[in-house]
Structure formats: structure tokens, C-alpha cells
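**Q** Chains A and B are the protein sequences, given in the same order.
Just so we're aligned, residue 0 is where the first sequence starts under numbering that gives the first Met the number 0, counting upward by one.
Just so we're aligned, residue 0 is where the second sequence starts under numbering that gives the first Met the number 0, counting upward by one.
Treat the hints loosely; a few may be bogus.
The calculated label-pair distances, taken between Cβ atoms and stated as ranges, are [stated by the list, open to error]:
{"hint": "1", "chain 1": "A", "residue 1": "S21", "chain 2": "B", "residue 2": "T3", "range": "44 to 54 Å"}
{"hint": "2", "chain 1": "A", "residue 1": "G136", "chain 2": "B", "residue 2": "Y114", "range": "25 to 35 Å"}
{"hint": "3", "chain 1": "A", "residue 1": "S21", "chain 2": "B", "residue 2": "V6", "range": "47 to 57 Å"}
{"hint": "4", "chain 1": "B", "residue 1": "Q20", "chain 2": "A", "residue 2": "A82", "range": "17 to 27 Å"}
{"hint": "5", "chain 1": "B", "residue 1": "A41", "chain 2": "A", "residue 2": "P49", "range": "37 to 47 Å"}
{"hint": "6", "chain 1": "B", "residue 1": "A41", "chain 2": "A", "residue 2": "A72", "range": "20 to 30 Å"}
{"hint": "7", "chain 1": "B", "residue 1": "D132", "chain 2": "A", "residue 2": "H117", "range": "12 to 22 Å"}
{"hint": "8", "chain 1": "B", "residue 1": "T36", "chain 2": "A", "residue 2": "G24", "range": "37 to 47 Å"}
Below are the DSS-like pairs computed for lysine-lysine, each with C-alpha atoms no more than 30 Å apart in a straight line [as the list claims (entries may be wrong)]:
{"hint": "9", "chain 1": "B", "residue 1": "K50", "chain 2": "A", "residue 2": "K99"}
{"hint": "10", "chain 1": "B", "residue 1": "K72", "chain 2": "B", "residue 2": "K50"}
{"hint": "11", "chain 1": "A", "residue 1": "K47", "chain 2": "B", "residue 2": "K72"}
Just so you know, these hints were derived from the structure itself, not from any lab.
These numbers were taken from a predicted model, which means no experiment stands behind them.
Glycine is no exception: its CB is placed at the ideal position from the N, C-alpha and C atoms.
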Amino acid sequence: MKMSGTDADVIDALVGITPGSSLDGIRERRPEARAHAQATYRALFAPKEPGNVTAQERFAVGGFVAGLHGATAIAVAYAARLADSGASAALPDAIDAAIKEAKTRGPYGTYPAGPLSHEDTAGPVYRVGAATRRALGPRLSAAFEHVHMLVFHPRDAAPASLQALLDAGWSTTDIVTLSQIVAFLSFQIRVVAGLRTLAGRP
Amino acid sequence: MAETVLVPPEHTVPTAFTRAQLDWLPWLEPLAVEAMTERHMASLVDAARVKSPYFRLLARDPDALEARTRTDKDIFYNPDAGLPRAERELAAAATSRFNGCLYCASVHARHAATYSRREADVQRLLDAGVTVDLGERWNAIVAAAVALTATPIAFGPEHVDRLRRSGLDDLAISDVIHAAAFFNWANRLMLSLGEPAATAGP
Numbered sequence: 000m001k002m003s004g005t006d007a008d009v010i011d012a013l014v015g016i017t018p019g020s021s022l023d024g025i026r027e028r029r030p031e032a033r034a035h036a037q038a039t040y041r042a043l044f045a046p047k048e049p050g051n052v053t054a055q056e057r058f059a060v061g062g063f064v065a066g067l068h069g070a071t072a073i074a075v076a077y078a079a080r081l082a083d084s085g086a087s088a089a090l091p092d093a094i095d096a097a098i099k100e101a102k103t104r105g106p107y108g109t110y111p112a113g114p115l116s117h118e119d120t121a122g123p124v125y126r127v128g129a130a131t132r133r134a135l136g137p138r139l140s141a142a143f144e145h146v147h148m149l150v151f152h153p154r155d156a157a158p159a160s161l162q163a164l165l166d167a168g169w170s171t172t173d174i175v176t177l178s179q180i181v182a183f184l185s186f187q188i189r190v191v192a193g194l195r196t197l198a199g200r201p
Numbered sequence: 000m001a002e003t004v005l006v007p008p009e010h011t012v013p014t015a016f017t018r019a020q021l022d023w024l025p026w027l028e029p030l031a032v033e034a035m036t037e038r039h040m041a042s043l044v045d046a047a048r049v050k051s052p053y054f055r056l057l058a059r060d061p062d063a064l065e066a067r068t069r070t071d072k073d074i075f076y077n078p079d080a081g082l083p084r085a086e087r088e089l090a091a092a093a094t095s096r097f098n099g100c101l102y103c104a105s106v107h108a109r110h111a112a113t114y115s116r117r118e119a120d121v122q123r124l125l126d127a128g129v130t131v132d133l134g135e136r137w138n139a140i141v142a143a144a145v146a147l148t149a150t151p152i153a154f155g156p157e158h159v160d161r162l163r164r165s166g167l168d169d170l171a172i173s174d175v176i177h178a179a180a181f182f183n184w185a186n187r188l189m190l191s192l193g194e195p196a197a198t199a200g201p
């Protein structure tokens with residue numbers, strides 16, 4: 000599937016929704032949600048003011064998040080935009096390596112000690128491997144470690160994970176953007192999966 | 000020089016899911032009200048949100064915040080048919096319960112209880128978790144939200160069939176999908192940029 004521009008509706012494209020179809024009619028009943036899911040995509044992946052977060056960083060994180068979800072078609076779409084952004088050939092390989100290192104099942108994590116402690120579920124804390132870290136560089140490596148937590152065990156979030164990003168050169172505002180990218184993709188990937196399943200069950 | 004995270008003031012950490020009002024304390028510096036531009040203010044959509052450190056933090060990326068908020072409002076507030084508001088809130092609460100977001104679960108469990116008038120059932124979801132028996136229609140909605148929230152996503156045709164057997168049409172099923180998907184967005188921001196605190200008053 001093609002996701003090169005920012006005007007065509009990305010969720011429609013990823014689900015395969017055609018004008019006049021049943022799902023087209025359903026999405027049109029929630030027109031603001033449809034328009035602003037697309038507006039969020041534009042804000043995060045074709046921002047009017049990119050600030051300090053580069054296009055390559057945005058698409059690299061996009062591909063990593065989709066890959067961690069096993070959402071292959073979406074990961075390929077972000078990889079294509081990463082290639083268009085002029086990334087080196089080594090970067091997609093490093094992202095693929097990171098996905099292989101990091102992929103697991105979620106959500107898991109720990110609660111504050113108390114009555115919920117019996118629901119604590121252990122799982123891995125991702126640390127980027129040495130070879131992958133050399134290819135990603137320190138800034139993206141720090142981001143990927145944080146992204147893995149957000150995707151698989153967000154209830155383990157703590158100030159230390161944000162401090163690690165600050166120490167790696169992400170500003171407070173950059174972290175807000177990075178967090179929005181991961182959180183928004185967690186939405187986009189689920190809407191696409193859900194609507195595809197619905198479309199496959201006429 | 001790198002910025003540093005905020006150290007929240009001394010507070011009582013909630014250790015159980017609750018329908019009580021909670022506070023939220025940021026780990027990163029929100030924008031100061033006096034430093035906010037017209038664009039920052041407009042991104043809040045509701046002017047009253049200027050009081051919220053959460054929204055003033057997200058306003059650091061105003062285009063993403065505004066699009067996020069308009070997506071949220073249409074998914075939950077659009078009154079045109081589909082899933083009743085109470086059950087959109089149920090899907091949000093179940094997603095938050097499964098991901099472990101005490102703050103999000105508190106808000107949306109309150110809404111689910113208010114709109115459904117099934118306070119005891121909503122409280123059982125909070126106390127016992129997402130496998131509790133709430134009657135077949137609510138069980139189907141909770142199971143669908145949970146399956147869509149798992150990574151990798153476990154939502155399949157059997158969830159669509161079960162929702163249909165419970166009387167949901169395709170617009171209502173799309174609403175379940177969007178409500179659960181949206182809380183995979185919201186939970187990750189709430190969990191990772193700050194923490195909940197019990198309020199001092201009754």
C-alpha cells in the first residue's frame with residue numbers, strides 16, 4: 000500500500016476503504032474523528048514546524064512501533080517514507096534488527112505496591128544491542144528503549160525513562176512529540192486492525 | 000545542558016483502581032500559562048483546560064494536541080447512533096484497566112457509571128479486572144476492547160461475531176474499535192508523562 004503523501008487518508012488506505020463502501024459510510028458518521036486522525040498523522044509526520052525532531056527520527060520510530068506490533072504492512076509504509084526522507088541504507092536494517100531484539104507481548108508491568116501487586120506481570124526491559132546502537136546512534140537508541148516501554152509495558156513508566164531521553168538530547172518538547180508519535184500509532188494500528196477485521200466479516 | 004525531570008510534591012500514590020477523582024502530577028515541565036501563545040491556547044480546544052498541567056504539557060506540540068482532542072471528542076461525544084455513550088466509556092475504562100492506567104480508568108469508569116447507572120458493575124470491573132462477568136453484552140464489549148489492546152493485537156472475527164450477537168450493528172462495533180484504540184493513545188500519554196495522586200479532600 001502507498002502512503003507517500005499526507006493528503007490521502009492513511010487509515011482508509013491501510014484498511015483498503017473505497018468510496019461508497021460500507022466502511023466509508025461508517026467512517027463518515029464520525030467525520031471529525033476521521034478528519035482529525037488524519038490531521039494528527041500530518042502533525043506528527045509532516046509537521047508545519049518540525050522543531051528538533053527530524054523526519055528521519057519520526058519515520059524510524061513509526062517503523063519501529065509498527066514492527067513491534069507485527070503490523071507488517073504499516074511498518075513497510077513507514078519504512079518507505081523513511082527511505083524517501085533520505086535515510087542511509089543502514090538505518091532500515093538497524094530498525095529491523097531492533098524489532099527482532101525487542102519484540103515481545105504486552106501489556107505487562109508493575110503496579111505501586113498494594114492490592115494490585117498480585118497482578119504484577121514480569122517482562123523484559125529493552126536495551127538496544129551494541130551493534131544496533133552503533134547504527135542507530137545515541138539519540139534514536141534512547142528513543143527506541145523508551146518506545147519499547149510505551150508499546151509493551153507503559154505502566155512501568157517512571158521519571159528515569161524521561162531523564163534518559165533528556166540526557167540523550169531530547170528536549171521536553173521533543174519528548175512530547177515522541178510520546179505523541181508512539182501513542183498515536185498505538186491508536187492508528189488498532190483502528191486499522193479493527194476495521195480490517197470488521198470489513199472481512201460482511 | 001540537558002533538562003531535568005520534575006520531582007512531584009509529596010503525595011498519596013493510589014494503589015487500587017477507583018472511581019474517585021484523582022490528581023495528575025507531571026514529570027516534565029508544562030508550558031507556563033503566561034508563556035502560551037494564541038496557537039498554544041487554541042490547541043487546548045476547551046479554554047478551561049489551561050488549568051490542567053497535562054494539557055499544558057501536551058500543548059508543547061499544539062497541532063498534535065488539537066487533532067488528538069478533536070478525534071477524542073467525536074469518538075466519545077458524537078450523538079449520531081452507534082454505540083451508546085455509556086458503552087463507549089465502558090470500552091475506554093476496560094482498555095485503561097487492562098493497560099494499567101489508574102488515572103484514565105478513574106475518569107472513564109465514572110462516566111460509564113454515570114451514563115449506564117450500573118455503578119456496581121463498573122466497580123466490579125475496576126476491582127476484579129477485565130475477566131469479570133458483567134452480563135453478555137458488556138462482556139462482549141470488554142473482551143473486544145481487551146483483545147484490541149493486547150500487543151500483538153488479538154482482535155479477530157470471533158469478537159465481531161460476539162458483538163453482533165449482542166445486538167451491535169457495524170457502526171456500534173466501529174465505535175467499540177475507536178473507543179478502545181483511542182485509549183491505547185491516551186493511556187500511553189497519561190502513564191508516561193506523569194503520575195496519579197489521591198486528592199486530599201473527600
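**Q** A separate judgement is required for each hint: does it hold in the structure or not?
**A** Taking the hints in turn, this is what the structure says about them:
Against the hinted window of 44 to 54 Å, the Cβ-Cβ separation of A/S21 and B/T3 comes to about 52 Å, which satisfies the hint. Evaluation of the 25 to 35 Å hint for A/G136 and B/Y114 yields a failure: the beta carbon distance comes to about 49 Å. Restraint check, A/S21 to B/V6: a C-beta distance of roughly 52 Å satisfies the suggested window 47 to 57 Å. Take B/Q20 and A/A82: their Cβ atoms lie about 48 Å apart, and the range 17 to 27 Å is violated.
Between B/A41 and A/P49 the Cβ separation comes to about 20 Å, which falls outside the hinted range of 37 to 47 Å. The hinted window of 20 to 30 Å between B/A41 and A/A72 is violated, with their beta carbons roughly 35 Å apart. At about 20 Å, the CB distance of B/D132 to A/H117 agrees with the hint of 12 to 22 Å. Taking 37 to 47 Å as the suggested C-beta distance range, the pair B/T36 and A/G24 conforms, at roughly 39 Å.
Taking the CA atoms of B/K50 and A/K99, the gap is near 43 Å; set against the 30 Å cutoff, the hint is violated. At most 30 Å may separate the alpha-carbon atoms for a hinted pair to count; B/K72 and B/K50 meet this at roughly 19 Å. A C-alpha spacing of about 24 Å is found between A/K47 and B/K72, which places the hinted pair at or below 30 Å, so the restraint holds.
The structure is inconsistent with the numbered hints 2, 4, 5, 6 and 9, although it conforms to all the rest.
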